[in-house]
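One gets my numbering by counting positions in the sequence shown from 1 and adding 82 to each.
Wrong hints could be hidden among the right ones.
[What the hints assert, rightly or not] BS3-like, lysine-lysine: derived pairs with alpha carbons at most 27 Å apart:
(1) 387 <-> 338
(2) 125 <-> 136
(3) 353 <-> 290
(4) 96 <-> 353
These are computed hints drawn from the structure, not numbers from a lab. All of these numbers come straight from a predicted model, not from anything done at the bench.
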Amino acid sequence: MHVHAPAGDNVLSKVVNWMINTKPIFGVMRLGAKNAMKSTTSKAGIDWDGHVRKMQQTAELQQLFQEFSQQPHPNLQYPSYYTMPFHAYEDGNLNWQRRSQCCGWQCKPSGLGADLLPAQGRLSADAAACVLVTALLHSRTPQAYHSRHGLAAPGSILDVGCSTGISSRWYQRAYPGAAITGLDLSPYFLAVAEAEERRRTAADPSIKRISFERGLAESTGYADGSWDLAVFSFIAHECPQQALRDFVREARRIIKPGGVVCFVDNNPRSKTIQNLPPVLFTLMKSTEPWTDEYYSFDLEAALGKEALTMW
């Protein structure tokens with residue numbers, strides 16, 4: 083597997099890793115990455131810091147946060163890989179600031195990913211989310227996969243690592259008759275996902291409601307063979323190789339016979355990623371602690387080892 087230079091085992095990679103592991107230098111890199119994302123969202127008309135303050139003062143979100151924090155039980159332990167600094171935040175996904183970054187994606191494609199789409203003008207949250215996710219998934223979506231291979235539409239879908247529910251709502255649009263559950267470990271993300279779902283279904287009671295639950299991707303707690311479709315949306319690149327193996331093993335356990343397991347993520351073989359300027363890749367790597375492990379991991383081989391057929 084080809085690995086981009088800053089993520090490989092060579093001099094450049096070792097220099098980048100040394101910079102990341104040197105706290106004063108890493109602090110500057112992380113600040114630079116955060117400022118780049120905030121600058122982009124600011125140009126799109128999004129008040130990042132103001133959004134964080136609003137969330138902290140919203141009673142509904144605070145109440146939902148407390149409720150999700152107790153799921154599936156109050157003593158749920160975070161895996162060590164999950165508590166690493168992510169996306170320029172010391173406490174990773176466990177804060178309102180990181181949730182605000184996700185909200186930027188809802189309101190308008192934001193942060194370092196803003197250039198993924200052509201200029202769309204100002205869009206509503208749902209419209210922007212639909213355009214973004216559709217563009218990212220495009221013809222490789224599970225929907226196209228089911229159609230291409232003559233498979234029945236899934237009746238039950240588990241969206242693993244659902245974050246604030248952007249991907250879950252996209253799957254609801256693609257499969258309006260399916261029972262969909264979004265699973266995530268962050269009570270901050272889930273609070274926002276649930277609040278948005280309440281607003282969405284209140285506006286259109288005919289929509290089938292999405293359920294959101296807190297739990298581990300590697301140990302979901304669901305029964306064997308209980309899902310038609312299990313989707314891991316953009317979480318693989320944020321995890322070490324052992325966690326990825328555990329994800330695949332758990333997916334194999336919970337999927338129904340004839341069901342589909344789908345990993346939607348950055349493609350290590352992508353020419354776009356392989357040809358990123360070293361400076362940009364280094365900046366991105368400073369916000370993703372498991373970059374080396376992900377870009378050198380053979381996901382296809384891991385799926386095959388669990389007897390999951392690649393079509």
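Verification of the hints:
no.	hint	in the structure
1	387 <-> 338	holds, 17 Å
2	125 <-> 136	holds, 20 Å
3	353 <-> 290	violated, 39 Å
4	96 <-> 353	holds, 22 Å
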